[in-house]
Structures are given as structure tokens and as C-alpha cells.
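Protein chains: 2
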Amino acid sequence: MELWFLGTSAGMPIRDRNVTSIALTQNDGTFWMFDCGEGSQHRLLQTPLKLTKLTKIWITHLHGDHVFGLPGLLSSRSSLGGTEALQLYGPPGLRELLETSLRISETHLNYPIHITEIEAEGAIFEDANVKVEAAKLDHRIESYGYRIEERERPGVLNAGWLAEQGLPPGPVYGQLKAGQDVTLADGRVIRSVDAVGESLPGRIVTILGDTRPCANAVKLGRGANVLVHEATFAHALADKAHEYGHSTALQAAQIAHEAGARRLLMTHFSSRYTREALAELETEARQVFADADAAIELTPYPIPL
Amino acid sequence: MELWFLGTSAGMPIRDRNVTSIALTQNDGTFWMFDCGEGSQHRLLQTPLKLTKLTKIWITHLHGDHVFGLPGLLSSRSSLGGTEALQLYGPPGLRELLETSLRISETHLNYPIHITEIEAEGAIFEDANVKVEAAKLDHRIESYGYRIEERERPGVLNAGWLAEQGLPPGPVYGQLKAGQDVTLADGRVIRSVDAVGESLPGRIVTILGDTRPCANAVKLGRGANVLVHEATFAHALADKAHEYGHSTALQAAQIAHEAGARRLLMTHFSSRYTREALAELETEARQVFADADAAIELTPYPIPL
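Residue numbers (our numbering), protein chains in the order written: chain Y, 1 to 305; chain G, 1 to 305.
Do not take every clue at face value.
Label-pair restraints from in silico Cβ distances [as the list claims (entries may be wrong)]:
hint, chain 1, residue 1, chain 2, residue 2, range
1, G, ALA279, Y, GLY170, 53 to 59 angstroms
2, G, LYS240, Y, PRO112, 22 to 28 angstroms
3, Y, GLU276, G, ALA279, 25 to 31 angstroms
4, Y, GLU106, G, ALA290, 32 to 38 angstroms
Computed list of chain Y residues with no C-beta within reach of chain G, every gap over 10 angstroms [claimed, not checked]:
hint, residue
5, GLU2
6, LYS56
7, LEU97
8, ILE124
9, LYS177
10, PRO213
11, HIS242
12, GLU258
13, ALA279
Every beta carbon over 10 angstroms from chain Y, so not counted as near; a handful from chain G, in silico [what the hints assert, rightly or not]:
hint, residue
14, GLY29
15, PRO71
16, GLU106
17, GLU164
18, VAL189
19, SER192
Rather than coming from a laboratory, the hints here were simulated on the basis of the structure. Cβ atoms here follow ideal geometry from the backbone N, Cα and C, with glycine treated the same way.
Next up, chain Y with everything else stripped away, as it sits in the complex (with noise of 0.2 angstroms):
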């Protein structure tokens, strides 16, 4: 898994930073999305990352920067030859908004959408490789954040002890690695505890939309690897922060230390401040929580262990 910030500004785009969207791959070559601001299409076009390859829209509140740029990508998905079903989340509004905006353009989809429309807290989708919650937050309008539970991964294979026992790579690997005992031509037994390492625990990413300070932030991110919260203000306008729904950058660090995060990634950020500024959020964010970063836009960031 590996996280791409496709836009870091808050409201509006400017120069150097274009409005919210970050992309998240995943394990099997796909890729989610949570948010997709005006423009995030353009972005993607400067990534590595394929539109046909997107399986998933998370969105987080309607606010027009965190949505407009839906109804464009969703299009262009559909030219470049996407053909797989494509779901999307988000608060109450997103459909109608979808709808709307695809009927009257006239906009023909060779695919089908799927629109959940987020009416409870709680577990809302799992497959074999992960898990998603919802929680509210605290903002001016809905606002959801996302917590990504990856499911504990099987261990690597000891390539270099099974060449030892004589056993060339094939589909007794595959069979290995999920867990089967093999029995060679000579008769022995190799075991799969044998072959295969530790099992890699799973990884748990936390994306949090616009809000204020909350308790449902803290435990989204409970023991996160990667924790995303915004930082729209340096901690000097926190006034203006509550006000409009926000945080600033040290609030964001107090967050991420309170639920115990590895690491916090800030993004959203106001429009006044430049990317030297940037530099100062991250210096306040540090005072209580070491492991904070500025997002930069178009760079992957890799969840560690």
C-alpha cells in the first residue's frame, strides 16, 4: 500500500497545490481514492496510477472541494476504457449530486456505479484483504473519516532453504505459502511452517475528512500506521480553525499522539500559506508529536510497518 496526495490545498487550488484528493493503492494493483476535488483527474495523469485501475471512491464530506472534480474523472474513466463496476461512498447527497450532474451533461458511463450512501458509524465494507470503518467528525457539513484495516498477510517464503531442500521455484510454492504441507517425489514432507516466515500483521491506514479536534479522530486513528488529519491553520489562527470547522497543525499532532499513531501526514492546507510556510506547520506539529509531515503533493509515501 502506498498513499499519493493528489491535492493538499484547502478550498481552492492554487499554483503550486491543487484541492483535496489522495490516492491509495492497494496490494492486488489497484487503487482507491479518498476525495476527488476539481482537477484530481489532472493530477493522476502525473502519477504512475491508471483510471482503469480504480475500484473504489471514498468521499469524505460534499463540500465542492472535495467533490467537483467527481463527475470528470468518473467520464474519463469511462474513455480510457474502464469497464469494471466502480463504488462509491460517501454522506448523504452524493448520489443525487452524481446523478444530476451525469444526467443533464449527458454523460454515458460503459460501467456500472455503485453509490453507498453512509447512514451508519461502523464496519462498512470487507473483503479478504481488508476492512473499512466510518466515524463522523466535526465539521460545518457531514464529515466522515475512513480507517483501513489491512488483514494479517501470510509470511515471506525462505527461497533459500527451500533451494537447500532441492525444491525448485513452481506451484508448490503457491501451495506452500497458503498454508499446505507438500510431499516430494522421494517421499519427504516439507511443511509449510517451515518454509514460510512470520506472518506480516496488517497494516492500518486512517484518513479523516475536514473537522475539528474530536474523539472519533482518536479513534479512527487508534495505533494507525499512517494517520491523515488536516491542518488547514497554523495553531496562531486556531480561533478561525473552530470557527469554520478545522484544525491546526498542532491539533492534528495532539491527535496523533493521543491514539498512539506511528506516523502523521497533514495535508489541506490553507491557500496563505506558502510551501516554506508549510515548513513552520510541520515545525509546530513536531513540538508534540516527532513523526508529522507536511504532505507534498505527486510523491508516494509507502505505509511502514
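Chain Y is fixed; fit chain G onto it per the hints.
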């Protein structure tokens, strides 16, 4: 008046071309836009044009690549301090598209918007400086072209001759330019007709939405100083152009020729054409109309007399 192409790509953005939008600067320092594909506000950030100076937006048709940038651009105009009313013109459906997007995203504008949905062809706007006429084109969806006729403007003041008469610059220069004769303190009369050169003829700019070649394109483009016509395909793909309601570069040139336009600027190029391939579209067009160019984005095109 000056044209800026903010996007020249058909259907979807590619790395070096955005979807359709054109800015037309006015003599009073304001500007108008024609269409507003996703990312148009981002393109404006790369020009000297300021969103607060935008007074009118003319939409040719409601396909997404011509309108999905509207809600975000309107929102940013407000955030950037725009308080003057904004007038929008376009086909029926424009109001619902905009009002739904603004309502669901809870976007509150600090200025009034006035939306005129075009109901009949003909003159749809005029003031002291300009007259705008709309007519239906031939596309898969209701699509309009706009003919902007500048009124005759006062000639240039002959400052050298006025200095010879001993008349220094001052408010009387304005009176003379406005057509009034002026009596000096010594009793001499300076006649406006002597002080002001020939009136400048108004210029004509015609901007057409997506269309197959059609009679109304010729009618709107009659004698235009600049005709902006789509050229989605090279003529080798004339069948495809017809099927999708578009024109080829050769057809655009034929329209410019029939209309007796002075200059043709082509836009709305299929994403299949590289920048180099656009030179071939120009070669094709110039076979029948010499002054034809493929519009380049983010470059000002003055409107010659």
C-alpha cells in the same frame, strides 16, 4: 479584445491540454469566458486574468468537458473576493446543474448569479460596447454558437495636432473624443472632427460550440475577424466526426472560407493528436483557408481589425 484558450482538448484532459474553455478580454479590463471545462480555474492561475474581473460566462452546450469546471470556478471567484454579479448564459439544464451542485456542496457565493437559459436564437445581449447573437449548431446535444459584435469605437485623438493648437491634455480631450466641439478662452473653436481620427470599426469574434459543419456556423461567422471553430479530427476521420457530431480541420476551414472570416482558430482536438500532429491539422485546413491555426493554450490572441 484578446482571446486566451484555457483548454483545447476534446472530451478529457491530457498532460499538455485541458478541456474546453476560452477567455475573451473586454475593453474595460473585465473578461468573459466561453465554456468552463474541469480545471479552467486552474488554467486561469497561469494567465494574468483575475477571476474577480470575470463578468459573464457563455456556455455552448452541457457536455461535461465544457461545464464541469463551473461550480468550482464560481466558488473560487467568491473566495477570492468577487462581489459583482455574474451573468451566465447557456442551454436549458444549466440552472439545474449549477443550483444542484451549489446546494448539495453548501457553496455560498458572496455575489449574485443570474442564469439565462437560451430559449430562442437571435440577439441575447447588448450594451453600449457590444452585441451578442446566439444560434443553434448541429451536435448530439443542444449546442450554440455566439457572435460577438463590437460597436464602432471613437477614433484616436490626434495629440500632436492638439499640442500645435496649444491645447494641453485635460478634460477637454474627453469632450473632443466624445464628439463635442470645444471653445477656448481666446474664442477659438476646436472641432471634434478635426481632433479625432476616423472611427474604428467594431470587431467581430465568433465562438462556436461543438458542431458538424452547418449553415448557422457560416451565418454566425460572416465576416468575423476571428472565427473559433472546433476541429476534433483530421479529415481522414470524417465519418467518425459526423457520427459524433463533430467537424474535421478541413471542414472548419471550409466554414471559415464560406463565411468570409479573416482568421480561423481551431480548437477541441481529439486526445489522439499529439502537439506535432496538430501541425498536420493546420496543413489540412490551410488547403482551403490560409489563415488557419490550431489554437495554443495560455497564449494571448489579439483580435486584429
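Q: Starting from the hint list further up, note which numbers the structure goes against and sort them upward.
A: Of the numbered hints given earlier, those the structure breaks are 3, 7, 15 and 16, listed in rising order.
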